[in-house]
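**Student:** Can you make the complete structure from the sequences, with help from the hints?
Using this note's numbering, read the sequence shown as starting at 559 and increasing by one per residue.
Derived by calculation from the structure, the hints in this document are not laboratory data. It is possible that some hints are incorrect.
Claimed, not checked - Each computed SDA-like pair below joins lysine to any residue, with the alpha-carbon atoms no more than 20 angstroms apart:
id	residue 1	residue 2
1	K644	D664
2	K625	A588
3	K644	P680
4	K633	G566
5	K633	G621
6	K644	T583
7	K572	G621
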Amino acid sequence: AKVRENGGTGVMVKTGSVPVLQECTIEGNAGVGIWFAHESYGMVDRCEVVSNSTNIMLEGFSGPTIKDSSILLGKDGGIMVTRGAKGTIRECLVQNNKPYGIAIGDGANPVVFLNRVFDNSPYGVLVMAEGVGHIYA
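**Tutor:** In structure tokens, the structure reads:
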């Protein structure tokens, strides 16, 4: 599936939802590309998330898995994990996002491992106030 050039959020996942997005392209949306909110879960697998405002947002105690995906050219960030979100980010390419590739803050506690995070500016991984998380090579 392709979700492109919408005026707001590309894919919004709300309370208790558990979608699986596989081999999708989420591109050029004016808002967040994929937004997991309010205790939502699910999986993003082998997707390209490109040139959205923030490419992926995990917040409100959500806990999805993001794996084997490309997170590129986010205008307001690559992946933001905040407001108590957990989730797993693994084996992704996180590249050329501004101002960060992956940001963790406000009680978030994700597991981040085996990702390639480079050419983001100015931060590759940014752990903000009250961010926790486990980051592995």
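**Student:** State for each hint whether it applies.
**Tutor:** Structure-based check of all given hints:
A distance of roughly 11 angstroms separates the Cα atoms of K644 and D664; the hinted pair therefore holds under the 20 angstroms criterion. For a cut-off of 20 angstroms, the pair hint linking K625 to A588 is broken: about 23 angstroms separates their Cα positions. Our distance criterion of 20 angstroms between C-alpha atoms is broken by K644 and P680, whose separation comes to about 24 angstroms. Between K633 and G566 the CA atoms are separated by roughly 14 angstroms; this keeps the pair inside 20 angstroms, and the hint holds.
For the given pair, K633 sits about 23 angstroms from G621 by alpha-carbon distance, which is inconsistent with the 20 angstroms threshold. For a cut-off of 20 angstroms, the pair hint linking K644 to T583 is broken: about 23 angstroms separates their Cα positions. Under the criterion of a C-alpha separation no larger than 20 angstroms, the hint pairing K572 with G621 is consistent with the structure, at around 12 angstroms.
This entry does not satisfy hints 2, 3, 5, 6, going by the numbered hints stated previously.
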